[in-house]
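2 protein chains.
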Amino acid sequence: MTKIVIIGGVAGGASAAARARRLSEDAQIIMFERGPFISFANCGLPYHIGGDIPERSKLLLQTPESFKSRFDVDVRVMSEVIAINRTDKTVTVRNGLSGDEYDEQYDYLILSPGAAPIIPEIPGLSNPLTHSLRNIPDMDNIIYAIEMNQAAHATVVGGGFIGLEMMEALHQRGIKTTLLELADQVMTPTDPEMAGFVHQEILEQGVDLRLGTALTAVEYNGREPVASVDAGEDDSGQHLLGHLQLTLSTGETMQTDLLIMAIGVRPETSLASDAGLTLGPRGGIQVDTQMRTSDPAIFAVGDAIETLDFVTGDPVLVPLAGPANRQGRMVADVIFGKDEHYQRTQGTAICKVFDLAIASTGMNEKRLKQAHIPYEKVYVHTASHAGYYPGAEAVSLKLMYAPDSGKILGAQAVGKDGIDKRIDILAVAQRAGMTIEQLQHVELCYAPPYGSAKDVINQAAFVACNIRSGDIRPVHYHELGDLSEHQILLDVRNPGELDAQGAILGAINIPVDSLRERMDELPKDKEILVYCQVGLRGNVACRQLNHRGYTTKNLVGGYRTYRIAQQ
Amino acid sequence: MTKIVIIGGVAGGASAAARARRLSEDAQIIMFERGPFISFANCGLPYHIGGDIPERSKLLLQTPESFKSRFDVDVRVMSEVIAINRTDKTVTVRNGLSGDEYDEQYDYLILSPGAAPIIPEIPGLSNPLTHSLRNIPDMDNIIYAIEMNQAAHATVVGGGFIGLEMMEALHQRGIKTTLLELADQVMTPTDPEMAGFVHQEILEQGVDLRLGTALTAVEYNGREPVASVDAGEDDSGQHLLGHLQLTLSTGETMQTDLLIMAIGVRPETSLASDAGLTLGPRGGIQVDTQMRTSDPAIFAVGDAIETLDFVTGDPVLVPLAGPANRQGRMVADVIFGKDEHYQRTQGTAICKVFDLAIASTGMNEKRLKQAHIPYEKVYVHTASHAGYYPGAEAVSLKLMYAPDSGKILGAQAVGKDGIDKRIDILAVAQRAGMTIEQLQHVELCYAPPYGSAKDVINQAAFVACNIRSGDIRPVHYHELGDLSEHQILLDVRNPGELDAQGAILGAINIPVDSLRERMDELPKDKEILVYCQVGLRGNVACRQLNHRGYTTKNLVGGYRTYRIAQQ
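Sequences listed follow chains A and B, in order. Numbered by my numbering, the letters in the first sequence go through residues 1 to 567 in order. Numbered by my numbering, the letters in the second sequence go through residues 1 to 567 in order.
Worth double-checking, as some hints may not be accurate.
[To be verified] Okay, the calculated beta carbon distance ranges per label pair:
| # | chain 1 | residue 1 | chain 2 | residue 2 | range |
| --- | --- | --- | --- | --- | --- |
| 1 | B | Lys338 | A | Pro390 | 33 to 41 Å |
| 2 | A | Glu204 | B | Glu147 | 37 to 45 Å |
| 3 | A | Glu437 | B | Lys407 | 31 to 39 Å |
| 4 | A | Thr289 | B | Glu527 | 47 to 55 Å |
| 5 | A | Gln150 | B | Gly391 | 25 to 33 Å |
| 6 | B | Asp499 | A | Glu437 | 50 to 58 Å |
| 7 | B | Arg173 | A | Arg473 | 50 to 58 Å |
| 8 | B | Lys176 | A | Gln150 | 55 to 63 Å |
| 9 | A | Ile488 | B | Gly96 | 56 to 64 Å |
| 10 | A | Gly387 | B | Arg173 | 19 to 27 Å |
| 11 | B | Glu517 | A | Glu204 | 56 to 64 Å |
[Said to hold, decoys possible] Computed list of lysine-lysine pairs in BS3-like fashion (alpha-carbon distance at most 30 Å, straight line):
| # | chain 1 | residue 1 | chain 2 | residue 2 |
| --- | --- | --- | --- | --- |
| 12 | A | Lys416 | A | Lys58 |
| 13 | A | Lys89 | A | Lys338 |
| 14 | B | Lys416 | A | Lys416 |
| 15 | B | Lys416 | A | Lys524 |
| 16 | B | Lys407 | B | Lys366 |
| 17 | A | Lys68 | A | Lys89 |
| 18 | A | Lys526 | B | Lys338 |
| 19 | B | Lys68 | B | Lys58 |
| 20 | B | Lys68 | A | Lys524 |
| 21 | A | Lys3 | B | Lys416 |
| 22 | A | Lys68 | B | Lys366 |
| 23 | A | Lys3 | A | Lys338 |
Derived from the structure by calculation, the hints contain no laboratory data. Since we're looking at a predicted model, the values are computed, not measured. Where is the CB? At the ideal position from N, CA and C, for every residue including glycine.
Next up, chain A with everything else stripped away, as it sits in the complex:
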């Protein structure tokens, strides 16, 4: 009888347990969870804080009892595994309530310990008004702190998924919120110019966004306890009353009532490394494509491990729920003899930021540059569905591909509608090894409420193929900074658009529809850098000019990309 011991009862661990039972009725399966809950909706925590999910109970997807009756899994909560004893194939478990310790034998051990919030070494961080968010007790503590301290201002440090979601949750509760981010952008899986749309949205919503700003010190100022028997306050709550004085890297100070630390997560590897399991170069547990650690009886899944990047094959840390769930399921397959292999990670991800969604898959431009991988990129901005049907919103899409093979390297999108769909399509296309040429031909659902006869996906492929075939020479927004004397800028939009949207300093304005008559106003001995609002009319203008002997480049993604990248 196979005995499987699982450490960690959330995404990867719970998936492994359920799948293992489906594959074997005889196996003994024990799942240890350090905290009080298993299989809770960790991605839902900010939405309960913000009020979108009013019922806390909805976040508790399974209980030890339901897991027992459905899957005959022996779930032991409040049970921390404190050591792995590889030679005798046991783990040492400490009961978090009684403090008792005992050993449990395993044939196979599955590590699904997750990743813990990184808490930087900032003076004064340890105080009752500073929290991070990983699990249900963390969530409860944050809500308790908000309510007991009647927080009027909150500060979130870190503009990643959790930081952005917490920013929105707090703002939604009517709490004035500051978001501090050390980098020059939030949502680092995307590139800065795409994150620019998010910056704009955050500012428009009234959040105090501070990029390029670090938190350097925290001072907790507790107030005198004020008993409020009517409100049901007890002693434990009263110490929360107070505020924090924050010092920032800019030298500024600010006062806040609640501090959320969300600068990132770090794989939980102490158990694994104490047991002598090999860690990878990025600090995660190293596994093979079957999720096997350096000990063949021990597997590891989820946020604690390193997987291989889909494009480069390099080890990466990708703390996302989807991969964790599939890895957990796959480990059970492997233990029971199926020849399954994990197929690398694209890191497809999405984040809701107020009315916007921002999503990405594959490599971003920053990483392509770092890895010295040749790439070309296109930007398109087009409506999420037929523009004449109500509710259409702009989809801003960035697609990166290999100039030699035409294969998709990565994609990012941002907008208010249809963002998940476009990145999902490109994630599947990338995984399938599609080229931009093949992407032109994809047949997507079209009816006015859902799409366009030429979807943004087709359009991005058309633009990319125009560049790859040499029909259009591209210029990018970051190349407009220092024009040579042999270059001029031509804005082919209508004058009304220039007034409404702004324009690039020094550009000549000839609307595309007048270009044929006014072409001789342009010099033939200079390179003409053409732009319109999103790139379509620029393309039309470049073609006209090329056919008449002018040298042109088209600003990819047009003024819309240029402008957002300047912010």
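Chain B: place on chain A using the hints.
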């Protein structure tokens, strides 16, 4: 100088003209359009009738003037090409206003005549209250008829895209509506059990849906003209006052104030066939993969042509806007020397039916059967995004794949949220040649507002792979009709679900969570056909039983699929 003549100024024709100009500034491009409008939003017509698009002008995307100034295309509306004279490479054009005729020479001719509504030979159909919907004048006529006749009841014949959209539009205007459909289902690109969800929605909205019912005769009863000078009625309007008496194939008669004929479309091939161009077996214009007809100087695109089915390679008629647009663009590429080829047609399509969307790609089961193509199918029903986040709706998905290769043959989905996304993903996966094994690994956007850690796509692939690997033996809803004495039905849902949802007659009920204790109530010498609500718990139950020596099959898609298929 190349001279290109285009017949038809909507999707395919307009795309060809615009692309041709981008590829050549020197070409002479003439576009003939029989009607008064070019490049109008034909897919938007029902939504103006229904009121979703209040401004008629939004449907007019381009004008002859805008096409002239942007693309230097000589657009001639109200100009019907009445003959193609292949030997001298001219077309004969009749001016619809003056009646004058003239010839115009071409180097290349592009046919984009579209498809016309099929008007069956039913006695009495020719009357002022009977309309079909193809273009702006048709739309105007329908609105005029509704308003002048103060239509209180309307009848739509045909449950395809236009029929369904017109049904909704009329219903939305407060007009009591009957939908007649000869087949046993609407939306024939999908299979009947998937269309069942649409039938349910149509009935719930209060539309009088009559499947398996044909219109056999129409009698127009005009009333006495009632002058209403205040309402601005003129003579032309007054003859509309009246009603129609419809006779149905069931022998019933019914009275209606407006009749919309939407039983399908037929490729407009008379010009082509009169000119001796080869037609294909389905009655469309035959073209090669570069859209070239049997005359190398003549190309054809859009609803008038036959393309090759993605799976079978057989000629098919696919009157959809997306293919028409891409074909139009491609013809210009081919004329100007690019080696582009049309990559077959999957027929990806979607229709909004009140709050539902129903969509499909690739082959459906009916066609797979007809073509004797081996297939297996799975059904999954799961939430459009994390169930604990507000707004999640059931996605009902059907996936068909080749049992030998595992390749995707087709897919259908229906539900209130995320339907377009799922079919788009599967359309791309099918086009890329992905197998169900590869589909397990796709990484899709996940955050609670947008998806699930195990998306419906992954789940469908998991179920399919469980079947393909032999871990689960499937049984389908249509196989439950005549059980042998060696089979029994086991319902593993909770008793409360049976009360609320109903159950299959004769099934034993043992909830999955009690199955381990009560397993010995089941006979080992019979095949146990297990079902739950959607198939997940059935899978768990089958595994338990199999491991204990029982023979089982799991009802794919569970009771939800079974029940909708019975309707």
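Original post:
Honestly, do A/Thr289 and B/Glu527 meet the 47 to 55 Å range at C-beta?
Top reply: violated, 38 Å
Original post:
Taken at face value, is the distance from the CA of B/Lys366 to the CA of A/Lys68 at most 30 Å?
Top reply: violated, 43 Å
**OP:** Starting from the hint 56 to 64 Å, judge whether the C-beta atoms of A/Ile488 and B/Gly96 obey it.
**Re:** Violated: the Cβ-Cβ distance is about 46 Å, outside 56 to 64 Å.
Original post:
Taking the beta carbons of B/Lys176 and A/Gln150, is their distance inside 55 to 63 Å?
Top reply: Given about 56 Å between the Cβ atoms, the range holds.
Original post:
Taking 30 Å as the top limit, are the C-alpha atoms of A/Lys526 and B/Lys338 close enough?
Top reply: holds, 29 Å
Subject >> 37 to 45 Å as the expected CB spacing between B/Glu147 and A/Glu204, which holds or is violated >> reply: holds, 43 Å
Subject >> Straight-line alpha-carbon gap B/Lys416 to A/Lys524, limit 30 Å >> reply: Measuring from Cα to Cα gives roughly 56 Å; hence the hint is violated.
Subject >> 30 Å Cα cutoff - pair A/Lys68, A/Lys89 >> reply: Judged against 30 Å, a Cα distance of about 24 Å means the pair holds.
Original post:
Per the hint of 50 to 58 Å, is the separation of the Cβ atoms of B/Asp499 and A/Glu437 within bounds?
Top reply: holds, 56 Å
Original post:
Are the Cα atoms of A/Lys3 and A/Lys338 separated by 30 Å or less?
Top reply: holds, 17 Å
Original post:
Hey, A/Lys89 versus A/Lys338, does the alpha-carbon distance stay inside 30 Å?
Top reply: holds, 23 Å
Original post:
Straight-line Cα separation of B/Lys407 and B/Lys366 no greater than 30 Å?
Top reply: Distance of about 18 Å is within 30 Å: holds.
In this structure, the earlier hints numbered 3, 4, 9, 15, 21, 22 are contradicted, and the remaining ones agree with it.
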